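Asks: Kindly produce the complete structure, drawing on both the sequences and the hints.
Line order of the protein sequences matches chains A and B.
Residue 79 in UniProt numbering sits at position 79 of the first sequence, and the numbers go up by one each step.
Residue 225 in UniProt numbering sits at position 225 of the second sequence, and the numbers go up by one each step.
Worth flagging that the hints you see were computed from the coordinates, not collected in a lab.
Check the hints yourself; a few may be wrong.
All copies of an identical chain are treated as equivalent in the list; a pair is satisfied when it fits inside any one copy or across any two copies.
Simulated crosslink set (SDA-like; lysine to any residue; CA at most 20 Å straight-line) [said to hold, decoys possible]: (1) LYS169 with SER98; (2) LYS51 with GLY10; (3) LYS8 with SER46.
Note that this is a predicted model, so its numbers are computed, not measured.
Protein chains: 2
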Amino acid sequence: MKTAIFEKAGLMTVEEADKPTLQADDDVIIKVVRACVCGSDLWSYSHGDDKAAHSDNSGHEALGIIEEVGSAITTVKPGDFVIVPFTHGCGECDACRSGFDGTCDNHQGFTNWSSGFQAEYIRFHYANWALIKIPGQPSDYSEGMIKSLLTLADVMPTGYHAARVADVKRGDKVVVIGDGAVGQCAVIAAKMLGASQIVLMSRHEDRQQMALESGATAVVAERGEEGIAKVREILGGGADAALECVGSEGAIEQALGVLHNGGRIGFVGLPHYNSRPLGSTFAQNIIIGGGSASVTTYDKQILLKAVLDGNINPGRVFTDTYQLADVNQAYQDMADRKTIKSMLVVAE
Amino acid sequence: MKTAIFEKAGLMTVEEADKPTLQADDDVIIKVVRACVCGSDLWSYSHGDDKAAHSDNSGHEALGIIEEVGSAITTVKPGDFVIVPFTHGCGECDACRSGFDGTCDNHQGFTNWSSGFQAEYIRFHYANWALIKIPGQPSDYSEGMIKSLLTLADVMPTGYHAARVADVKRGDKVVVIGDGAVGQCAVIAAKMLGASQIVLMSRHEDRQQMALESGATAVVAERGEEGIAKVREILGGGADAALECVGSEGAIEQALGVLHNGGRIGFVGLPHYNSRPLGSTFAQNIIIGGGSASVTTYDKQILLKAVLDGNINPGRVFTDTYQLADVNQAYQDMADRKTIKSMLVVAE
Numbered sequence: 001m002k003t004a005i006f007e008k009a010g011l012m013t014v015e016e017a018d019k020p021t022l023q024a025d026d027d028v029i030i031k032v033v034r035a036c037v038c039g040s041d042l043w044s045y046s047h048g049d050d051k052a053a054h055s056d057n058s059g060h061e062a063l064g065i066i067e068e069v070g071s072a073i074t075t076v077k078p079g080d081f082v083i084v085p086f087t088h089g090c091g092e093c094d095a096c097r098s099g100f101d102g103t104c105d106n107h108q109g110f111t112n113w114s115s116g117f118q119a120e121y122i123r124f125h126y127a128n129w130a131l132i133k134i135p136g137q138p139s140d141y142s143e144g145m146i147k148s149l150l151t152l153a154d155v156m157p158t159g160y161h162a163a164r165v166a167d168v169k170r171g172d173k174v175v176v177i178g179d180g181a182v183g184q185c186a187v188i189a190a191k192m193l194g195a196s197q198i199v200l201m202s203r204h205e206d207r208q209q210m211a212l213e214s215g216a217t218a219v220v221a222e223r224g225e226e227g228i229a230k231v232r233e234i235l236g237g238g239a240d241a242a243l244e245c246v247g248s249e250g251a252i253e254q255a256l257g258v259l260h261n262g263g264r265i266g267f268v269g270l271p272h273y274n275s276r277p278l279g280s281t282f283a284q285n286i287i288i289g290g291g292s293a294s295v296t297t298y299d300k301q302i303l304l305k306a307v308l309d310g311n312i313n314p315g316r317v318f319t320d321t322y323q324l325a326d327v328n329q330a331y332q333d334m335a336d337r338k339t340i341k342s343m344l345v346v347a348e
Numbered sequence: 001m002k003t004a005i006f007e008k009a010g011l012m013t014v015e016e017a018d019k020p021t022l023q024a025d026d027d028v029i030i031k032v033v034r035a036c037v038c039g040s041d042l043w044s045y046s047h048g049d050d051k052a053a054h055s056d057n058s059g060h061e062a063l064g065i066i067e068e069v070g071s072a073i074t075t076v077k078p079g080d081f082v083i084v085p086f087t088h089g090c091g092e093c094d095a096c097r098s099g100f101d102g103t104c105d106n107h108q109g110f111t112n113w114s115s116g117f118q119a120e121y122i123r124f125h126y127a128n129w130a131l132i133k134i135p136g137q138p139s140d141y142s143e144g145m146i147k148s149l150l151t152l153a154d155v156m157p158t159g160y161h162a163a164r165v166a167d168v169k170r171g172d173k174v175v176v177i178g179d180g181a182v183g184q185c186a187v188i189a190a191k192m193l194g195a196s197q198i199v200l201m202s203r204h205e206d207r208q209q210m211a212l213e214s215g216a217t218a219v220v221a222e223r224g225e226e227g228i229a230k231v232r233e234i235l236g237g238g239a240d241a242a243l244e245c246v247g248s249e250g251a252i253e254q255a256l257g258v259l260h261n262g263g264r265i266g267f268v269g270l271p272h273y274n275s276r277p278l279g280s281t282f283a284q285n286i287i288i289g290g291g292s293a294s295v296t297t298y299d300k301q302i303l304l305k306a307v308l309d310g311n312i313n314p315g316r317v318f319t320d321t322y323q324l325a326d327v328n329q330a331y332q333d334m335a336d337r338k339t340i341k342s343m344l345v346v347a348e
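Replies: Put into structure tokens, the structure is as follows:
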């Protein structure tokens, strides 16, 4: 089979590799239909990171068809069309039962994260609860719907997680920081949860436009103190919730700056703001939460139905489509911000 | 009039001082009936702190009778019996309207905090919304009820705040860290909000007993890893919420240790854990909030009624009573842990 390989920073290749095989009773082998490139894949591609040269790709979002199942699998069968999440919740621990399968108590850290999904076949471990069945087959859906279904493997639930841990409620004034795929999905989530005003911080006209079509009520291009002042002017005061979808020092300061005291932050970008201590939100009485999204829970409870009913259209974040053979271009265009998110067609 | 003076670390005195006068349209002069000593008053008394020698006392909790009101005051009149909170919410800003008057957007920092309440008369600023009227007069109430009413100036709302920002819900498993007055009130709050199990971390038998009478279902004397293991054994897994009522490094680590992934922390002790960065809860998907309690909101919405109806008895935290003249003994006994919280009788 063919698989994408991280050759080195700035270069993805495609190679022949052995098709994966079942290794545990709760493994599943999946024929990938669509995969994609995540912002986090670009950490190594653009910056080198610590990732070893000539190593497996870090792709972790896919739609696929079940090919083969381990003996302990009772929930899916060969031929099923599924969303393949970046996580592997067990569905039974305290964390999963309280709706936090992104940080399952039984499958911690790397055992709960996927990789290698930019390939023709993948082995998905801890597979019995985490996969989400889609009715019918890929050919039953338009390409637009396929794109939206693919966002349910990561970015749409991740945007939803930001809004959910920030406890976005009907009538809330919400600010979204980050205009990438996750930020766009956070706008959709805030609207689903009933926010009355949604302000996106964005300097790119195409991304501003996309967010306005998804439910944003205003966009602010300014950053720092100027951006905070602009948001407060638009909202007539502080925001109730800020959805921090970047993970940088500037982003968290922006989030803290736009809130009224007693406001709430949901953060879903891996935090890179180590200079601010945990208790430093005391004087503002901020409630802050964040972590890996509860993909399986949200998809099963609300997001899959919202997509299938046509109520949300997160698939618009895939502004370009590539064949697996062109994976390097898919990475490069996303790194160059030519596309918001790159979809990979692996099989029809 | 008589007022307590912070003479130096380890010594409180009582002196004659001028009776305070109205200085702003929204000032109120209050004749103090009961005051008390707060754990935060002991920072200077026990450790020296930065507090100037021979300076005003830092007392900030009282019950009193309105003596005189400024021209802008419409909500209370001379003769009214009131709870005098440690905060001065405006009742109109985004923070106050969302129930976070402890960090009012209009009265930030020191302008929102009280001091000097260990005295016969006090001037209470920004008084129009923040004071809470109690029906009748002090003589209408038993001494036990007076004690519970006095807790509504700070510690009971503070314990409630921990539970509220930790979003304690019916059926939750809750761990309370800190067995002082605020920890005891957090136990009461967790029970009010429907927690099914409440574990208090405490090494003192009298405080364990008090918490068990207030609704704690278990106590754990062990600390650190051993304490965490014991809590998890009792709960049959991780806790849904931890109420951190201490503010130390050890306390926040204990809180993080007892939670399942996706758990929630409410902290109400001024945080002294600067070594842990804000984003460090990502891998555990923790939601954490804390700050000054919403005294006026909670008292008006729920706590005053709960006390008057006899549904809660937070007054039991006052294990000793002193005359204002004996203020030094009141501080010393609390510093020596001979009493959980010291009440000061200022007038009958």
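Asks: Which hints from the list above does the structure break, by number from lowest to highest?
Replies: The structure conflicts with no hint, since it agrees with every one listed earlier.
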